[in-house]
Amino acid sequence: MATSKKKELLIGVAMLGTGLGYLLMTTQLPRHAGIDAAFVPSLLSAMLCLLGVLQLLSVRGLATAVAEVEVEAPASSDLKTVVKTLALIVGYIALLNPVGFPIMTAIYLYLQFIVLTPLDHRVNHLVYALIALVTSAITYLLFREAFDLMLPSGLLPF
Amino acid sequence: MLELLQQGFGAVFTVHIMLLMVIGVAVGIVFGAVPGLSATMAVALCLPLTFTMGPQAGLSLLVALFIGATSGGLISAILLKIPGTPSSIATVFDGGPLMEQGHGVKALGIGIVFSFLGSIFSIVALMFIAPQLAKVALRFGPHEYFAIAVFSLTLIATLSAGSMVKGLFAGALGFAVSTVGIAPVEALRRFTFGVAELNGGFAMLTVMVGMFAVAEIIKLAESGRRAHQDKAKSVSLKQIKGFGFSLQEFREQLPNAGRSGLIGLGIGILPGIGAGTSNLVAYIISKKRAKNPETYGKGNIGGIVASETANNAGIGGAMLPLMTLGIPGDTVTAILLGGFLIHGIQPGPLLFISQGPLVYTIFAALIVATVLMLFMEFYGLRLFIKLLDVPKHILLPIILVLCVVGAFGLSSRLFDVWSILLFGLLGYLFVKAGMPAAPFIIGFILGPMAETNLRRGLMLSDGNFGAFLSNPIAAVFLALALVFILWQVVSSLRSKKSLVNEILRT
Numbered sequence: 001m002a003t004s005k006k007k008e009l010l011i012g013v014a015m016l017g018t019g020l021g022y023l024l025m026t027t028q029l030p031r032h033a034g035i036d037a038a039f040v041p042s043l044l045s046a047m048l049c050l051l052g053v054l055q056l057l058s059v060r061g062l063a064t065a066v067a068e069v070e071v072e073a074p075a076s077s078d079l080k081t082v083v084k085t086l087a088l089i090v091g092y093i094a095l096l097n098p099v100g101f102p103i104m105t106a107i108y109l110y111l112q113f114i115v116l117t118p119l120d121h122r123v124n125h126l127v128y129a130l131i132a133l134v135t136s137a138i139t140y141l142l143f144r145e146a147f148d149l150m151l152p153s154g155l156l157p158f
Numbered sequence: 001m002l003e004l005l006q007q008g009f010g011a012v013f014t015v016h017i018m019l020l021m022v023i024g025v026a027v028g029i030v031f032g033a034v035p036g037l038s039a040t041m042a043v044a045l046c047l048p049l050t051f052t053m054g055p056q057a058g059l060s061l062l063v064a065l066f067i068g069a070t071s072g073g074l075i076s077a078i079l080l081k082i083p084g085t086p087s088s089i090a091t092v093f094d095g096g097p098l099m100e101q102g103h104g105v106k107a108l109g110i111g112i113v114f115s116f117l118g119s120i121f122s123i124v125a126l127m128f129i130a131p132q133l134a135k136v137a138l139r140f141g142p143h144e145y146f147a148i149a150v151f152s153l154t155l156i157a158t159l160s161a162g163s164m165v166k167g168l169f170a171g172a173l174g175f176a177v178s179t180v181g182i183a184p185v186e187a188l189r190r191f192t193f194g195v196a197e198l199n200g201g202f203a204m205l206t207v208m209v210g211m212f213a214v215a216e217i218i219k220l221a222e223s224g225r226r227a228h229q230d231k232a233k234s235v236s237l238k239q240i241k242g243f244g245f246s247l248q249e250f251r252e253q254l255p256n257a258g259r260s261g262l263i264g265l266g267i268g269i270l271p272g273i274g275a276g277t278s279n280l281v282a283y284i285i286s287k288k289r290a291k292n293p294e295t296y297g298k299g300n301i302g303g304i305v306a307s308e309t310a311n312n313a314g315i316g317g318a319m320l321p322l323m324t325l326g327i328p329g330d331t332v333t334a335i336l337l338g339g340f341l342i343h344g345i346q347p348g349p350l351l352f353i354s355q356g357p358l359v360y361t362i363f364a365a366l367i368v369a370t371v372l373m374l375f376m377e378f379y380g381l382r383l384f385i386k387l388l389d390v391p392k393h394i395l396l397p398i399i400l401v402l403c404v405v406g407a408f409g410l411s412s413r414l415f416d417v418w419s420i421l422l423f424g425l426l427g428y429l430f431v432k433a434g435m436p437a438a439p440f441i442i443g444f445i446l447g448p449m450a451e452t453n454l455r456r457g458l459m460l461s462d463g464n465f466g467a468f469l470s471n472p473i474a475a476v477f478l479a480l481a482l483v484f485i486l487w488q489v490v491s492s493l494r495s496k497k498s499l500v501n502e503i504l505r506t
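From first to last, the protein sequence lines are chains A and B.
Using this note's numbering, you'd call the opening residue of the first sequence number 1 and step up by one each time.
Using this note's numbering, you'd call the opening residue of the second sequence number 1 and step up by one each time.
It is worth saying that the hints were derived from the structure and are not from the lab.
Positions of the beta carbon are idealized from the N, C-alpha and C atoms, including for glycine.
Some hints here could point you the wrong way.
Straight-line C-alpha distance at most 30 Å; calculated DSSO-like pairs for lysine-lysine [as the list claims (entries may be wrong)]:
1) B:Lys432 x A:Lys5
2) B:Lys432 x A:Lys6
3) A:Lys7 x B:Lys432
4) B:Lys392 x A:Lys80
5) B:Lys392 x B:Lys432
6) B:Lys386 x B:Lys81
7) B:Lys392 x A:Lys84
8) A:Lys80 x B:Lys432
9) B:Lys392 x B:Lys219
10) B:Lys219 x A:Lys80
11) B:Lys386 x B:Lys298
12) B:Lys288 x B:Lys81
13) A:Lys7 x A:Lys80
14) B:Lys219 x A:Lys6
15) B:Lys291 x A:Lys84
16) B:Lys219 x A:Lys7
17) A:Lys84 x A:Lys5
18) A:Lys84 x A:Lys7
19) B:Lys386 x A:Lys7
20) B:Lys219 x A:Lys84
21) B:Lys432 x B:Lys219
22) B:Lys219 x A:Lys5
A partial selection of chain B residues facing chain A, derived with a Cβ cut-off under 8 Å [unchecked claim]:
23) Leu49
24) Ala172
25) Gly224
26) Leu383
27) Leu414
28) Val417
Chain A with its partners taken away, still in its complex shape:
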C-alpha cells in the first residue's frame, strides 16, 4: 500500500508541475485589454494547478482509507527493455533522413524483434532478418509506387 500512496503522490506532483509550467508560459504571452489570446490558457493553467492540488489532497485522504482501496499487483515491469526500445525508436527516426527509409527500417525491425522477443522464445536471426527485409521493401515500394509518398531514400540510389 505504501508504494501506491507514493505513486499517487508522485502523480500529483507531476500534475501540479505541469500546471505550473503551463502557467509560467502563459504569463509570458503578450496581453491586451479585454479577452485576449491568453484568456483560455490562463483558465486552463488555473484548472490544471487546481486538479494537481486536488490529487495531492486525495492522497492524504488515501492514508486514512487504505483498507478500502484495492491495488493491483504491480505488473512485472521491465525498464531495461523500455529504454532499449525507446533508444531504438529515437535512433530510427534520427537516421531516417540521412540513411534512408529502406535501410533504417530493416535494421530497426531486426533489432526491435530481438529486443522484444519473450524470454521463453528463441531468437531466430534468419527469420527475423527475412521478415525485416521483406516488410521494409514492401512498405517502401508500396507507398512510393501506389500511394505517391516519397519516403526518404537516403543512401540508396533509387
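Since chain A is already given, all that's left is putting chain B on it; use the hints.
Leaving out everything else, chain B in the frame of chain A:
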C-alpha cells in the same frame, strides 16, 4: 432520401470501392480481434493510405475498418477469453464459458449475427435522425457551439474510467496542448518557442497515433517479454447450418437485442463514452431482466447478445454527433473527423446541404460494410483465428514502422514523426499514472472548437459573457455541464458503490 441513398449505393458498388471495403473489413476484424490493437489504431494507421484516394473511396475504406474492428473484438473475447477491444469486455463473461462447454461456434455465430443487427439498427437510426438534427443544428451559432463543446468535454472527463480528478486533468491537458500554435481570432503565436513547425500546432493524427499506437509498443516492451501468449483454440465449422444457432433461440433473444440496441445507440450518441461502456451497461440490464439471471456468466447466450448488440449499435450513435455537429463521439470517430478534414470535408450541419450525395454514400458504405462483416467474419473465421497467433513482438514493431510512414506522409516532414514519439511517451506515462487517454484526445480536438467559438461569441456580444446564458440552447448545455459535475462530485462523496458509478467506472 431514397433517391439519394440509391445514388449512394451506386457510388459504393464499384469494383474499386468494393475491393477497398472488403480489405477494410478484413483488416478491421484483425485489429479488433488481436488484443492490444484497437479500432482507433486501425483507422489511424490506414488514414494515410487514403490521402491519394477520392473522398468517397477514402471514407468508405475508413468506415469499413471501423465496422470490422468494432465487431472483431468478439473473436478473441470468445476464443481467448481476452476482450480484443474494451467494447467486448462483457462478451467474455458468457462467451468464455460457452467456448469451454464446446459451444464455441454457437457463441461466435450469435455474436456475429447480433453485431450485424446492432450495426444495422444504429445505421438506420442514424439515417433518420441525422438529417433532422442537422436541420436544427444549422441555426446554431458560436454561443451554442461553445456550450456544446464544454458540455461534451465535461461529460467525457467525468465519465471516463478512473478517478474524476485525473479524467478532468487529462481533458484540460489535451485542451492545453491544442493551444500550441497560432491562436484563433487574433493570430498570435502561442507556446511555439520560435519553432516554425509548431505554428500550425500538433497535427491531430500525430497525437492519436502516438497516444494509441506508439504507447502500445512501449507498453509491450515493459511487460511483453515476461508475458505468455496463449494459442487460440480453433473451432470446427463442419456440419454447421446457418450461423450455428436455432431460429427459436434467435426469436427468444429479440427483446433483449432491441433493448441492448437502444442502450448502445443512446450511450454512443453521448460524446466521449461509447461501446466500451455500453456493452457493460447492456449486459447488466439484460441480466437483471432475464428469466434466469443465475445462468448469466455461466454461458447464457443472452449475455453475448446484449454485449455485442450494444457495442455495435454504438457505431451509428457515435457517427451522429460527428456528422451533424462535427463533434466526435469517441476516439475512433475523432480520427474519422481527421479523415473528413484531410479530404477537404468539414463535418457539421452544412454537410447535409453542400455534400448531400457524399453523406448518403457514407450511409451506404456503412450498410455494405456491415453486410460484408457478417459473412466475412463467420466464414473467414479460421483465417482470423490463425492471425491471432502472430506473435506480438513481430507485429508491434511493424505497426511502429507504419506509424512512422503515416506521420511522415502527413506533410513529408520528420517533425511529425518526432511528434508521435513524444505523444507515445506521454501516452505511456498516462497508462502508468492510471490516467485515461480518451479525455486528452477529445480535449485536444474540442479545445480549439470551444476557444474559437468563445472568442467569436464574445465578439458578437461585445465582450459580454451574459450572451452565453441568455441564449436558451447554450444556457441549457452549460447548465447540464454544471449539474453533471456537481452530481459526480456529490455521488463520489456520498457512496463509492452506487450502481451507476460502478457501471461507468468499469
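Evaluated hints:
For the proposed pair Lys432 of chain B and Lys5 of chain A, the alpha carbon gap of about 14 Å is at most 30 Å, so the pair holds. For the given pair, Lys432 of chain B sits about 13 Å from Lys6 of chain A by alpha-carbon distance, which is consistent with the 30 Å threshold. For the hint pairing Lys7 of chain A with Lys432 of chain B, the CA-to-CA distance comes to about 10 Å; that is within 30 Å, so the pair holds. The suggested pairing of Lys392 of chain B with Lys80 of chain A holds, with an alpha-carbon distance near 18 Å, which does not exceed 30 Å.
Restraint check: the Cα-Cα separation between Lys392 of chain B and Lys432 of chain B comes to about 20 Å, which is no more than 30 Å; the hinted pair holds. A C-alpha spacing of about 16 Å is found between Lys386 of chain B and Lys81 of chain B, which places the hinted pair at or below 30 Å, so the restraint holds. Under the criterion of a C-alpha separation no larger than 30 Å, the hint pairing Lys392 of chain B with Lys84 of chain A is consistent with the structure, at around 17 Å. Taking the CA atoms of Lys80 of chain A and Lys432 of chain B, the gap is near 16 Å; set against the 30 Å cutoff, the hint holds.
Note on Lys392 of chain B and Lys219 of chain B: the hinted pairing holds, with a Cα-Cα distance of about 12 Å set against a maximum of 30 Å. Simply put, Lys219 of chain B and Lys80 of chain A have alpha-carbon atoms about 12 Å apart, close enough for the 30 Å limit, and the pair holds. Restraint check: the Cα-Cα separation between Lys386 of chain B and Lys298 of chain B comes to about 27 Å, which is no more than 30 Å; the hinted pair holds. Proposed proximity of Lys288 of chain B and Lys81 of chain B is supported: the alpha carbons are some 23 Å apart, at most 30 Å.
Taking the CA atoms of Lys7 of chain A and Lys80 of chain A, the gap is near 20 Å; set against the 30 Å cutoff, the hint holds. As the CA atoms of Lys219 of chain B and Lys6 of chain A are separated by approximately 22 Å, the hinted pair is consistent with the 30 Å bound. Our distance criterion of 30 Å between C-alpha atoms is broken by Lys291 of chain B and Lys84 of chain A, whose separation comes to about 55 Å. A hinted pair counts as satisfied when its Cα atoms are at most 30 Å apart, and Lys219 of chain B with Lys7 of chain A qualifies at roughly 18 Å.
The straight-line distance between the Cα atoms of Lys84 of chain A and Lys5 of chain A is roughly 29 Å, inside the 30 Å bound, and the hint therefore holds. Under the criterion of a C-alpha separation no larger than 30 Å, the hint pairing Lys84 of chain A with Lys7 of chain A is consistent with the structure, at around 24 Å. In summary, the hint linking Lys386 of chain B to Lys7 of chain A is not supported, as the alpha carbons are separated by about 40 Å, beyond the 30 Å threshold. As the CA atoms of Lys219 of chain B and Lys84 of chain A are separated by approximately 13 Å, the hinted pair is consistent with the 30 Å bound.
Of the pairs offered as hints, the one joining Lys432 of chain B and Lys219 of chain B holds, with about 9 Å between alpha carbons and a cut-off of 30 Å not exceeded. Straight-line distance between C-alpha atoms of Lys219 of chain B and Lys5 of chain A comes to about 22 Å, which keeps the hinted pair within the 30 Å bound. Interface hint status for Leu49 of chain B: upheld, as the beta-carbon distance to the closest one in chain A is roughly 6 Å, under 8 Å. With its C-beta approaching chain A no nearer than about 5 Å, Ala172 of chain B sits inside the 8 Å limit, and its interface hint holds.
Interface hint at Gly224 of chain B: satisfied, since its Cβ lies 6 Å from the closest Cβ of chain A, which is below the 8 Å cut-off. Taking 8 Å as the C-beta contact cut-off toward chain A, the hint placing Leu383 of chain B at the interface is violated, the least distance being around 20 Å. Restraint check, Leu414 of chain B versus chain A: the minimum CB separation of about 6 Å is within 8 Å; hint holds. The beta carbon of Val417 of chain B is positioned within 8 Å of a beta carbon in chain A (closest approach about 5 Å), and the interface hint is therefore held.
Checked against the numbered hints above, the structure violates hints 15, 19 and 26; every other hint is satisfied.
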